[in-house]
Structures are given as C-alpha cells and as structure tokens.
Amino acid sequence: MNFKGVVKIGGARGNDPTPLLRELSERAALGEKWLLVHGGSGKMEELCLSSGIEPKYVYSPSGFRSRFTGKREMALFEGACSSVSIDLISSLWSMGTPACPVWPSDGFGATAKAKDALRSVEDGRVMVLRGNRSGSVRRFFGDAVEAAWRAQAIPVMPPLAVDEDDGGLLNVDGDRLAALAAASLGASVLVILSNVPGVLKDVEDPSSLMRSGTLEELMSLSKGNMKRKMVAVQEALEGGVDKVILSDSRVESPLSGALEGRGTTVCRACTAEEG
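Each position in the sequence shown, counted from 1, maps to that position plus 582 in our numbering.
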C-alpha cells in the first residue's frame with residue numbers, strides 16, 4: 583500500500599491522544615504510512631507552573647495569539663516536546679506498533695526562520711518584544727520519516743525546527759509544520775485534530791459545523807486559532823496535498839471520523855476551481 587498521510591493532534595488540554603493512537607496502530611498494521619505531529623502547549627503550561635514561570639501570550643496587530651518564547655521558556659518547551667513525544671511513542675509500542683521520534687537536527691525534520699521580534703498589541707499600543715525563539719517553517723527534510731516507514735514504524739514529530747541562522751531549536755506552529763511535511767512527503771491527506779469539531783459558523787454552536795467550503799468562505803468564518811489553522815490548510819493545498827480535514831480529537835474514532843467527513847474538509851480540486 584502506497585497511502586501516505588499526516589495527522590496532527592493539538593497539545594492543549596482536552597486532546598486525549600489514546601483513541602488516535604489506537605487507530606494509527608490499526609492502520610499501520612494494514613500498511614498505511616502515517617506521520618504523527620503533536621503539539622506541546624498543555625505540557626508546557628504544566629512545566630511553567632511547576633517552575634514558577636508565567637506564560638506570556640501576545641496578540642499581533644493582525645489578531646493572532648501566540649506565546650512569547652524567550653531562552654528560558656525555550657528550554658522548558660524543548661522539555662515539554664520531548665516528554666510528549668516519549669509518551670506517544672511509548673503508548674504506540676505498548677500497542678505493539680513500532681514508533682520513533684523525528685527530532686529536528688541537521689538534515690532531519692524542518693528548518694525555520696527565527697522571528698526574534700514579536701509585535702504585540704497591549705492597551706491599544708503596538709509594542710515590540712525581542713529575544714523570541716519562535717519561527718516560521720521554511721524547509722522540510724523527510725529522510726527520517728521515510729526511513730521510519732521503511733522500518734514499518736510510525737514517526738512522531740514535535741513542533742520544533744532548526745534555526746536557519748544559528749542552528750539552535752525554534753518553537754514553530756505545529757499545524758503549519760504538519761502542512762509543510764505533508765506537502766514535502768507527497769501525502770494524500772492532512773488531518774488536523776483539535777478540541778473543536780472544525781470550522782463553525784457560530785463558535786458557540788457545535789451544530790453549526792461547516793462540513794466543507796472554499797478557502798475564502800472558511801477563512802471568513804474562522805476566528806482566533808482556527809484562522810491560523812486555515813493558513814496551514816491553504817499552505818498544504820498549495821503544496822500539492824489533495825485534501826485537508828479539520829476535525830475533533832475528542833471523539834471515539836477521531837481519525838476515521840475525520841476521513842469519513844465528520845469534520846471540515848477542504849480539497850485541492852475545489853481550491854483550483856475557486857482560483
């Protein structure tokens with residue numbers, strides 16, 4: 583079987599990975615090749631709390647919310663990512679499925695361009711915060727993922743990338759990392775799972791889920807973190823991925839549910855027609 587897919591599960595509280603891992607284990611046994619990308623925000627909040635560090639969130643002038651990651655916070659974030667990766671890999675092995683980490687290093691995983699300065703809106707004023715260790719993904723090297731697949735293992739990747747300038751690690755957006763990986767690997771589908779059902783017409787009403795739509799339509803409905811996810815959707819489709827699905831991680835069979843149309847599905851063919 584030549585099927586390749588990428589699934590990203592959010593790291594916020596409420597994203598229980600166990601149902602997804604069971605499905606990945608079953609699908610890997612059938613010969614499907616999946617890359618699992620995970621978040622780290624929930625574990626990061628735990629480590630910040632135990633270390634007495636207050637997480638700092640900023641809002642950009644365009645309305646995006648992000649975490650400021652200085653050197654001290656970056657050290658904790660690397661630890662959070664390592665912890666989540668180990669837990670996921672251990673769980674897969676306990677299910678009888680080989681799994682291995684894809685930790686970013688020279689020639690493996692992703693590279694990114696650092697965003698040293700973040701523009702933040704505070705009390706109506708735009709402030710500039712420097713010393714940030716986050717970045718925007720630029721390139722993806724899939725050799726480690728392909729090697730894992732050849733060994734019939736599931737590769738597991740955290741939201742980290744190598745800084746193009748200094749070789750250190752950067753915190754990157756996991757959804758956009760997954761989009762770049764899916765495009766680079768020639769994946770048929772990218773599934774982004776989080777603690778929301780997908781794009782909603784009314785964020786207070788889960789029954790208002792949009793099952794499908796054009797990029798323009800779905801972008802106009804998206805607010806907050808969903809707007810950022812739609813950027814990842816667009817990048818994946820433009821990179822050649824046939825289908826991207828935004829769906830709920832909290833259901834019994836999140837991956838099957840997404841593939842069966844229970845989330846928000848955007849296809850490249852529809853995007854081409856839109857253009």
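What the hints contain is simulated information worked out from the structure, not anything from laboratory work. Predicted model, so just to flag it, every value in this text is computed and none were measured. Where a beta carbon is used, it is the ideal one built from N, C-alpha and C, also for glycine. Take the hints with a grain of salt, since some may be wrong.
What the hints assert, rightly or not - Calculated cross-link-like contacts (lysine-lysine; reagent style DSSO-like; alpha-carbon spacing at most 30 Å):
1) K825 with K653
2) K697 with K805
3) K653 with K783
4) K653 with K697
5) K805 with K638
6) K695 with K825
7) K638 with K653
8) K809 with K697
9) K653 with K695
10) K809 with K783
11) K695 with K805
12) K825 with K638
13) K805 with K825
14) K638 with K697
15) K809 with K825
16) K695 with K783
17) K638 with K586
18) K638 with K695
19) K586 with K825
20) K586 with K653
21) K783 with K805
As the list claims (entries may be wrong) - Restraint ranges, calculated between C-beta atoms of paired labels, are given here:
22) R721 with A657: 23 to 33 Å
23) S672 with M709: 19 to 29 Å
24) G678 with D698: 39 to 49 Å
25) E786 with Y639: 21 to 31 Å
26) T796 with I668: 12 to 22 Å
27) Y639 with T600: 36 to 46 Å
28) G749 with P680: 22 to 32 Å
29) T796 with S676: 38 to 48 Å
30) D747 with R701: 37 to 47 Å
31) E798 with D725: 32 to 42 Å
32) E798 with L612: 19 to 29 Å
33) R721 with Y639: 46 to 56 Å
34) C849 with L612: 38 to 48 Å
35) E798 with D824: 27 to 37 Å
Evaluation of the provided hints:
1. K825 with K653: Given that 30 Å is the threshold and the Cα spacing comes to 37 Å, the pair is violated.
2. K697 with K805: Distance ~23 Å between K697 and K805 Cα, so the pair holds.
3. K653 with K783: With a Cα-Cα distance of about 39 Å, the restraint between K653 and K783 is violated, given a limit of 30 Å.
4. K653 with K697: Holds: K653 and K697 sit about 13 Å apart, inside 30 Å.
5. K805 with K638: holds, 21 Å
6. K695 with K825: holds, 27 Å
7. K638 with K653: OK: K638 and K653 at ~13 Å, within 30 Å.
8. K809 with K697: holds, 20 Å
9. K653 with K695: holds, 16 Å
10. K809 with K783: holds, 13 Å
11. K695 with K805: Between K695 and K805 the Cα gap is close to 25 Å, so the pair holds against 30 Å.
12. K825 with K638: With a Cα-Cα distance of about 35 Å, the restraint between K825 and K638 is violated, given a limit of 30 Å.
13. K805 with K825: This hinted pair holds, its Cα atoms lying about 21 Å apart.
14. K638 with K697: Given pair K638, K697 holds - Cα atoms ~16 Å apart, limit 30 Å.
15. K809 with K825: holds, 18 Å
16. K695 with K783: Violated - the C-alpha atoms of K783 and K695 are around 34 Å apart, more than 30 Å.
17. K638 with K586: Since the Cα atoms of K638 and K586 sit roughly 37 Å apart, the hinted pair is violated (cutoff 30 Å).
18. K638 with K695: It holds: about 21 Å lies between the C-alpha atoms, which stays within 30 Å.
19. K586 with K825: holds, 12 Å
20. K586 with K653: violated, 36 Å
21. K783 with K805: The given pair, whose Cα atoms are some 10 Å apart, holds under the 30 Å limit.
22. R721 with A657: 23 to 33 Å: holds, 25 Å
23. S672 with M709: 19 to 29 Å: Roughly 42 Å apart at Cβ, these two residues miss the hinted range, so it is violated.
24. G678 with D698: 39 to 49 Å: holds, 45 Å
25. E786 with Y639: 21 to 31 Å: holds, 22 Å
26. T796 with I668: 12 to 22 Å: Given about 40 Å between the Cβ atoms, the range is violated.
27. Y639 with T600: 36 to 46 Å: violated, 28 Å
28. G749 with P680: 22 to 32 Å: About 30 Å separates the Cβ atoms of G749 and P680, which means 22 to 32 Å holds.
29. T796 with S676: 38 to 48 Å: Roughly 42 Å apart at Cβ, these two residues keep to the hinted range, so it holds.
30. D747 with R701: 37 to 47 Å: Violated, since D747 and R701 (Cβ atoms, about 20 Å apart) do not stay within the stated range.
31. E798 with D725: 32 to 42 Å: holds, 36 Å
32. E798 with L612: 19 to 29 Å: Check failed, 37 Å falls outside 19 to 29 Å.
33. R721 with Y639: 46 to 56 Å: violated, 28 Å
34. C849 with L612: 38 to 48 Å: violated, 24 Å
35. E798 with D824: 27 to 37 Å: With a Cβ separation near 19 Å, E798 and D824 fall outside 27 to 37 Å, so the hint is violated.
Violated hints, listed in ascending order, are 1, 3, 12, 16, 17, 20, 23, 26, 27, 30, 32, 33, 34 and 35; each of the other numbered hints is respected by the structure.
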